[in-house]
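Peer 1: Produce the entire structure from the sequences given, and follow the hints as far as they go.
What follows is the residue order along each chain.
There are 2 protein chains.
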Amino acid sequence: MSQAMKLLVIGGVAAGASCAARARRLCETAEITVLERGPDVSFANCGLPYHVGGEIPTRDVLAVQTPTTLKGLLNLDVRTRCEAVRIDRAGKRVEVKNLVDGSSEWLSYDKLMLSPGASPIRPPIPGIDDQRIFTLRSLEDMDRVIAATEAGMRAVAIGAGFIGLEMAEQLHHKGLSVELVELQKQVLPQLDKKMTMLLESELRHHEIGVTLGDGIECFVPTPDALECHLKSGKVLKADFVVLSMGVKPDTQIARDAGLTLGPRGHVVVDHFQRTSDPDIYAAGDAVETEELVYGERMALPMGGPANRQGRVAADHMLRSGTAQPYPGSLGTAIVRVFDVAAGLTGWTEKRMRDANKPCASVIVNDHQHATYFPGAKPLTLKLVWDPRDGRVVGAQATGGEGVDKRLDVIAACIQGKATIDDLCHLELAYAPPFGSAKDIINLAGFAATNMRDGLFEQAGELPFGDAQIVDVRPKPVADAFPLTGSINIPFPTLRANLDKLDRSKPVITVCAFGKMSYFAARVLAQNGFQVKSFSGGIKGNIDPRSPAKLPTA
Amino acid sequence: MSQAMKLLVIGGVAAGASCAARARRLCETAEITVLERGPDVSFANCGLPYHVGGEIPTRDVLAVQTPTTLKGLLNLDVRTRCEAVRIDRAGKRVEVKNLVDGSSEWLSYDKLMLSPGASPIRPPIPGIDDQRIFTLRSLEDMDRVIAATEAGMRAVAIGAGFIGLEMAEQLHHKGLSVELVELQKQVLPQLDKKMTMLLESELRHHEIGVTLGDGIECFVPTPDALECHLKSGKVLKADFVVLSMGVKPDTQIARDAGLTLGPRGHVVVDHFQRTSDPDIYAAGDAVETEELVYGERMALPMGGPANRQGRVAADHMLRSGTAQPYPGSLGTAIVRVFDVAAGLTGWTEKRMRDANKPCASVIVNDHQHATYFPGAKPLTLKLVWDPRDGRVVGAQATGGEGVDKRLDVIAACIQGKATIDDLCHLELAYAPPFGSAKDIINLAGFAATNMRDGLFEQAGELPFGDAQIVDVRPKPVADAFPLTGSINIPFPTLRANLDKLDRSKPVITVCAFGKMSYFAARVLAQNGFQVKSFSGGIKGNIDPRSPAKLPTA
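Just so you know, the protein sequences line up as chains F and P, in that order.
Each residue of the first sequence is one higher than the one before, counting from 0 in numbering that gives the first Met the number 0.
Each residue of the second sequence is one higher than the one before, counting from 0 in numbering that gives the first Met the number 0.
Relax, there's no trap hidden among the hints.
In this list, chains with the same sequence are indistinguishable; a pair is considered to hold if it fits within one copy or across any two.
With a straight-line Cα cutoff of 25 Å, these simulated BS3-like cross-link-like pairs (lysine-lysine) come out:
1) 474 / 70
2) 499 / 70
3) 5 / 96
4) 184 / 233
5) 356 / 416
By construction, these hints were calculated from the structure, which means they are not laboratory data.
These numbers were taken from a predicted model, which means no experiment stands behind them.
Peer 2: Given below as structure tokens:
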């Protein structure tokens, strides 16, 4: 590589900062310039909601680096408040506008890195330009939201995705009254609906108003509030509004330069983050890459992939012979909402069905560690696999603790092309404070392979038509939390009470967690009944806060 | 399968209970008999230390099942205090002795499951038969230790493996004065020594006496104590002693029956848990199976593998056509000691070297989640791989939180035959409360591939001979916690101070966590120095409780 190699990086947050840092590590002599439109570089954007809510008490921990520290650490020329406005690909130069004094100049490059990021979506709804409607993307945005929290007590959060949920939680943490509005009929629309019931319950438990399946019609300023008029006619009064309705890539400069873009405006890159111009790379929220399971196109505006993509780009620029490719994205993500968490990796059932892919799935319930050890908390895991080859394609988890661990393990499994058989025998760390002899991931593997092998069938959604519903929970539990339309035959008494059931009608077995109902389905199937088990049980299907206890077995 | 298939299970704890339960789920009509020498079946043996210490307050949660509950749930014939004394393989029957009334009978079988477990080792040391010397394997053992904790205040725990560490912690938790003795020169000899320094520090921090590299010469009763005389001459006074010196398989009955045993007396089984007799299966602590990475023979007395092996055996007995094999053992394990944890999966560097396998390894330090989020705790990860193909073969982790997660993810990676390149791009769940944009596992992958690609060399153990030691920590840190024999050049000032170093001598860069020293090594290497980085830094190599803060970058 030439001694005077010039690397120009447009955008200095996750992907851009990683690219510049890696490039410097690989090449002390390169001239590396980083342009950042905003006032801050390499800040911790994932931490913004937590400083709004005060859980991260000091602002300066979010401003990870400054141009000065980056000069010392990496010998970078970082220029904030400088916007790249045009790329001259033939001349290999970029026109840069100084947003402070309005001056312009051209900077030349040998390699150009595009990491401009994405902007929050602000749909053209009447009233959207009210000064009390915020988005949260930069430290400046954060400062404005904090000022609003100090001026008013009523917040409306629009959009219940990852950021929207974090905002709702943190605004409540700060002591505000919070209303959350989501267009889909569930919170966290990235997940399958059943797997979001615990989050929804947790929000309501903390007296956050949750309005689902409703959109914003308009914003109307009144003397005492900014009114959010919903499509349903419902009106929410706010002192301010935070929009978390997703992001769109900031790729106008790439479009103008004639680089290939995807259908939603993302820069298309290959596994080495190369755009359609061999001297221009791109990474982060602005790009579209492959997803890891089926190789389909995917844009994933997340910090982890952005950081790693930036590093791959630098590797390929500076040592293309040994650079290793970005393997594709999974879409692993997690959110904490008060005392529970939920997240996913890979494909959901919904996404599989929307894509017309054959799909099998199962929900299992257990705890994050041995139930006999103090502090055991319920945990629910949904596993999604491709029934054609048994390959695990996705998982979702929710519960009080250990959600991140299970998602991470299954993410690693998906990346390793594991099948449901492989999950049965994962040898995970077990001591009573940390796990179970059979971890919930093993249990998911057992349930999935049992389904594949015909050992049990799952019952789908309620209602069950004319099937006999057999509730096999202990009698005190069934009495306390009765399941309408069912007959209670506690599992240990089932074998002795088969004559209470009509062999001419299908049976659906139900319990709290889906374990005893599976045991019962095995007994009934082997006694000639046509039977399905309500997998996931009452907790996974009906009431995630059901106080029905897990029967021991 | 015949309607009257007879399954006889010898040993009713982890492997035996799992086998019986799975067999019942597969076959309602089988006659399943479980023989257990002790008074309890299917109890939670991993919970025993925690009831001794009182952290698990009630005893009955450990007695997971009884013969009566197992009759109801699984229609099993469970016979406690019944010992199998002889197998007549030709006649397919077992002689069973009733330990209560002394009577004997023969029970016939179609399939026999051997899951007798293992017994604690009690070496023939003078005085070993003193009534105040306990082992901990059964609920009865536990009751005896509890009685001892109520009678005396001075405990000596011998053996600092997983159980020994749990015992030491729990005896301290109960308020006793505890001395821990270990023959090896480190606690938790299963790990590489550096990865145990935090555990050792944590034990001493809690005023547990730790004596390493010393063995027991004899036990001597005196009027006021049971004295433990060590080989070094040291004498520890105890009111009672708990031995945790490992276990030996209870396989005399298998030996007498002529089944093939391994070199240390374990029953040799194949991937379907079959012994050398096709109608006899074995699983759990009594067997030797393959380990997963290199296919070598391995005995692993752990609850998780025992449970899953028992299930595999039942599958193969009852539906051999579709049964899936046990893939082999990894040896994943973890222990909590007060506020820290440590564990491993797969191969350690020590074990690789003892087996004369080519071995590469690196230690990386970070935190369990984003450092800017409150509650970040240091975490240290050691990665071990085979340099011939880059395959990950093992990992060890220690720290305050998130140890189990990293071990589990890497266990899944090893089972999926991941390489160090694959670790770089694991897409793990990231939100500030749960992880980092680049998880410590990604960092380990980065470090390992950087080493493979020649981007940096690791410095080994201190002392470093005539090398120039360059401490690149911030000056206040270096002043407060000086590193003898080093020159302090804080990393941001390094490029401007290259002339302070002698280019004719090798350089070793050092920092707190091994990150800045790597950065410094890159700068120096590109400036013509012969340089190595002290990977793992002061925390990973010298002082795990070093209060030197992680420099941000």
